[in-house]
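Listed in order, the protein sequences are those of chains A and B.
Residue numbers for the first sequence follow my numbering, so the first one is 1 and each next one is one higher.
Residue numbers for the second sequence follow my numbering, so the first one is 1 and each next one is one higher.
These aren't lab readings, by the way, just hints derived from the structure by calculation.
Glycine is no exception: its CB is placed at the ideal position from the N, C-alpha and C atoms.
There could be a bad hint or two in this list.
Chain A is nowhere near these chain B residues, computed Cβ spacing over 10 Å in every case [said to hold, decoys possible]:
#1 125
#2 136
#3 170
#4 192
#5 199
#6 210
#7 236
#8 280
#9 348
#10 392
#11 403
#12 410
To give an idea of the chain A side of the interface with chain B (calculated C-beta under 10 Å), a few residues [stated by the list, open to error]:
#13 37
#14 107
#15 116
#16 120
#17 202
#18 305
These are the residues of each chain, in order.
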Amino acid sequence: MELALEILPQVLLDGIVLGFMYALIALGYTMVYGVLEFINFAHSEIFVLGAFVGVEVMLLLQSAGLLSTLHPAAVLLLVISTGMFISGIAAMALERVAYRPLLGGPRLVALISAIGASFFLQDALRLFESLWRNTFYLNYPSLEFLDRAVPLTAALVIPVKSMLVVCTALVTLGGLHFFVNRTKLGLGIRAVAQDPDTASLMGVPVRQVIALTFFVGGALGGLAGVLFGIHYSLVNPYSGFIPGMKAFTAAVLGGIGNIPGAVVGGMILGLLEAFAASYLSLLTDGAFGAEYKDVVAFLVLILILIFRPKGLLGETVRESKA
Amino acid sequence: MSGMQASLALSGYIAASCLLAFLFPQSVLAFLAVQASLVMLYYVAAPRQVKLFLGALLLFVLVPALGWANGYYFEIAIQIGIFVALALGLNIVVGFVGLLNLGFVAFYAIGAYLWAIFGSPQANAFIPGGFFPVSPNWFFVFFLLSIAVGLLTGILLGLPVLRLRGDYLAVVTLGFAEVVRALVNNLDKPINFTNGPRGISPITKPPLFFEPLLQFAGLEVPSAKLYPLYFYFLILIIVGVIILVTRRLENSRVGRAWKAIREDEIAAAAMGVPVVRMKLLGFAVGASFASAVGVLFAAKQVFINPESFTFMESIGVLAMVILGGMGSIPGAILGATGVTILNLQLLKGLSLWLNGLRQSGAELTIPFLGSYSLSQLPAQFEPAKYERMVFGLILILMMIFRPQGILPPSQERKK
Numbered sequence: 001m002e003l004a005l006e007i008l009p010q011v012l013l014d015g016i017v018l019g020f021m022y023a024l025i026a027l028g029y030t031m032v033y034g035v036l037e038f039i040n041f042a043h044s045e046i047f048v049l050g051a052f053v054g055v056e057v058m059l060l061l062q063s064a065g066l067l068s069t070l071h072p073a074a075v076l077l078l079v080i081s082t083g084m085f086i087s088g089i090a091a092m093a094l095e096r097v098a099y100r101p102l103l104g105g106p107r108l109v110a111l112i113s114a115i116g117a118s119f120f121l122q123d124a125l126r127l128f129e130s131l132w133r134n135t136f137y138l139n140y141p142s143l144e145f146l147d148r149a150v151p152l153t154a155a156l157v158i159p160v161k162s163m164l165v166v167c168t169a170l171v172t173l174g175g176l177h178f179f180v181n182r183t184k185l186g187l188g189i190r191a192v193a194q195d196p197d198t199a200s201l202m203g204v205p206v207r208q209v210i211a212l213t214f215f216v217g218g219a220l221g222g223l224a225g226v227l228f229g230i231h232y233s234l235v236n237p238y239s240g241f242i243p244g245m246k247a248f249t250a251a252v253l254g255g256i257g258n259i260p261g262a263v264v265g266g267m268i269l270g271l272l273e274a275f276a277a278s279y280l281s282l283l284t285d286g287a288f289g290a291e292y293k294d295v296v297a298f299l300v301l302i303l304i305l306i307f308r309p310k311g312l313l314g315e316t317v318r319e320s321k322a
Numbered sequence: 001m002s003g004m005q006a007s008l009a010l011s012g013y014i015a016a017s018c019l020l021a022f023l024f025p026q027s028v029l030a031f032l033a034v035q036a037s038l039v040m041l042y043y044v045a046a047p048r049q050v051k052l053f054l055g056a057l058l059l060f061v062l063v064p065a066l067g068w069a070n071g072y073y074f075e076i077a078i079q080i081g082i083f084v085a086l087a088l089g090l091n092i093v094v095g096f097v098g099l100l101n102l103g104f105v106a107f108y109a110i111g112a113y114l115w116a117i118f119g120s121p122q123a124n125a126f127i128p129g130g131f132f133p134v135s136p137n138w139f140f141v142f143f144l145l146s147i148a149v150g151l152l153t154g155i156l157l158g159l160p161v162l163r164l165r166g167d168y169l170a171v172v173t174l175g176f177a178e179v180v181r182a183l184v185n186n187l188d189k190p191i192n193f194t195n196g197p198r199g200i201s202p203i204t205k206p207p208l209f210f211e212p213l214l215q216f217a218g219l220e221v222p223s224a225k226l227y228p229l230y231f232y233f234l235i236l237i238i239v240g241v242i243i244l245v246t247r248r249l250e251n252s253r254v255g256r257a258w259k260a261i262r263e264d265e266i267a268a269a270a271m272g273v274p275v276v277r278m279k280l281l282g283f284a285v286g287a288s289f290a291s292a293v294g295v296l297f298a299a300k301q302v303f304i305n306p307e308s309f310t311f312m313e314s315i316g317v318l319a320m321v322i323l324g325g326m327g328s329i330p331g332a333i334l335g336a337t338g339v340t341i342l343n344l345q346l347l348k349g350l351s352l353w354l355n356g357l358r359q360s361g362a363e364l365t366i367p368f369l370g371s372y373s374l375s376q377l378p379a380q381f382e383p384a385k386y387e388r389m390v391f392g393l394i395l396i397l398m399m400i401f402r403p404q405g406i407l408p409p410s411q412e413r414k415k
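With the rest of the complex left out, here is chain A:
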C-alpha cells in the first residue's frame, strides 16, 4: 500500500501526458467523424508522419550544426510547426485522393479505402526512410534543454519533456476551442457537422470545409506525433497503430463527433492506462503486469459500446442517415 501511494504522483503524471497525446490524436478522428460520419482509419499514419517529419527536421538541423546553436524554443517551434503543417497537408491530400471519390457511396467502401490508405502509408514511409537513411527506426536527437527535469518533491520529478507535452497540448486545445467556436471557419465546420445539406443551402462551401477539417485534424495528429517522438525518442513507421486504436477508443469513450468529448475521453483513457500499467501487477500480486494495459483499453472500448454507445458526453452529430 505504501508503495502504491509512493508511485501515485508519477503515475498521475504519466497518465496526464499520455492522456493529452490521446486527446490530440482523438480530435482528428472525432472532427472528421463529425463532418463525414466516417472513421478516418489512416489518421494513425498521419500521426506517425508528424513524428517522422519532426525527427527529420531535427536531424537536418543537427547535420547543419544548428541544433546546439539555435535557441531550444526556436528549434521546438520549427519542429512542431513543420510537423503540424506537413501532417495537415498530407491529411488533406489523403482526403482528396482516397476518400472524396468514394463519399456518397456505401460506408463500407470508404472505410476499406481508409484501411488501405493506412497500410499504404506505413510502407510508403518505410520505403522513403529506407532509401533516404537506410533505416526506418529513427531516434530523436537529444536536446540538452529537454533532458532536464524539475524536482517538485522527493517523489515527483517533472521532466521538461512532460511539461512540454502538457503545455503545448493545453495551448493547442485552447486555440482549437477558439477556432471552432469563435471564428467563421469554425462555424462552417459546426454547420457541416450538424447537417451538410442545409449548410450547403446556406452557402457553406461543404467541400472546402471538409478539406479544412482534415487539415485541422491532421495538424493536431501531427502535433501529437512530434510530441510522441520527443517524449519517447524512438519512432518507426508502424508505431502509430496502437496509439491510433487507443485514440479512437478515447474518441468513442467521449462520444464520437464531440470535440470536448475527445479530450475527456483521451484523459480518462490515458489515466486508466497509466494506472493499469503500474498497479495491475501490484493488485494481482505480479500475475498480470503492464503488458495487459492494451487489453484494458480495448475492454474499455467494448464495455462502453455495450452500455453507452453514444459515449460519455453523448453524440452531438446528427443521427445516422440510413
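Mind docking chain B on chain A? Use the hints.
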C-alpha cells in the same frame, strides 16, 4: 471459337504448363502458368463436362504429381488452400452480410491454439497427468470442436456489438484481435497456457489412417513425402466442403436474409428479417470456418507462435475478398489465390532477382543519363517486405475503380 476448339486449347495449355513446371522445378513462372490454368478454366467457354474433367484432372492428378516431384509446389498449393478457405469464411461476413470484420485472424488463432495446446505437450503445463499430446486420432475431434468453439466465440463477441452501427464493429473486431494476440502472447504466466512469444511445438500431425492400406498395397512411402500430399488433399476437401456449404447457404432463406441486410438494413427489418439474429449467424459461421482452418494450419506448421496471427493477416484476407469481389464465391477463390501467389511467389521472386542484380554488380547504362552500378541498389529495397503497401494499394485502387471486384457475384453482373 467453338466448344471443341476451346477444350482442345485448354487441354493443350494445361499440358504445356505442367510440362514446363515439371522441367523447370525452380521456376516460379512455370508454376504460375499452371495456376493460371484454373482461372482459364473458369473463363473459357468450353462444355461444362470438359471443364469439370480438366479441373478435376488438374487438382487431383497434375498438381499432386508436380508437388510430389517438387515439395515447394505442395507448400504453395497448401498455403493457397488455407487462404482460400479463410477468404471464403470472411466472404460470408463481409460479402454476404456486409459486416466489416477486421479481426478475422483472431478466430483463426483460436482454432490454431486449440489444437496446438492439446495436440502438443503444452497442455501438461496446466493439466496434470501427462495425458498430452493426445493421440493423432483426436485431430478430427478437435477439428469439429474448433467449429463449435468458433461459433461460440463469434456469438459471444457479436452479441454486444452487432446491434451497433457498422463502423464500430470494424474497430471492435480489430480490438478483439489485438486482445486475443495479447493474451496468447502473455498467457505463459502465471499459468503457462500458451507458452507466450516462444510459441508451441511440436504439434501433432493428423493421423495417417490409410497407412495400413498403403502397406497392404506394398507401397513404402516415407512419411516426410506422404504428409504434404495428405495435407494437400485435406485442405482440398475442406475447401470443397466450405464451397458447398457457402453455396447452399447463399441460395437459402438465410443467404437471402443476409443480402437483404447488406443492401438495406431498415428495409430488411421492415420485411420481417430478424436482423440481429441473422447478422450474428453470419458472423459466427465465418468465425467457425476460420477456427476450423486454424486447426489444420497448426497441424501443418507443427510450430506456431503469436507472430502468425497479426493484424496483417486479417488485412491480407480482407484484400483477397475485396480483390475477388465481395459476396462472390469464385471471386474469393480467385482473390485468395492471386494474393497468396503475389505474396509467396512474385514478391519473393522479385526480391531474389533484385538481390541477384545487386550481387552481380552490373552497370546499368541509361542513354543520356549515364550509368548506375546495380550494386548500389539500397539493401532496404526488398519487395517482399512491402506487402502492406501492396495490400493497401489493392484496397484503395479496388475501392476507387472497381468496388465490385474482379469477379462480382452473378446477380450484380446481370444488372
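Of the hints given before, which are not true for this structure?
3, 10, 11, 17
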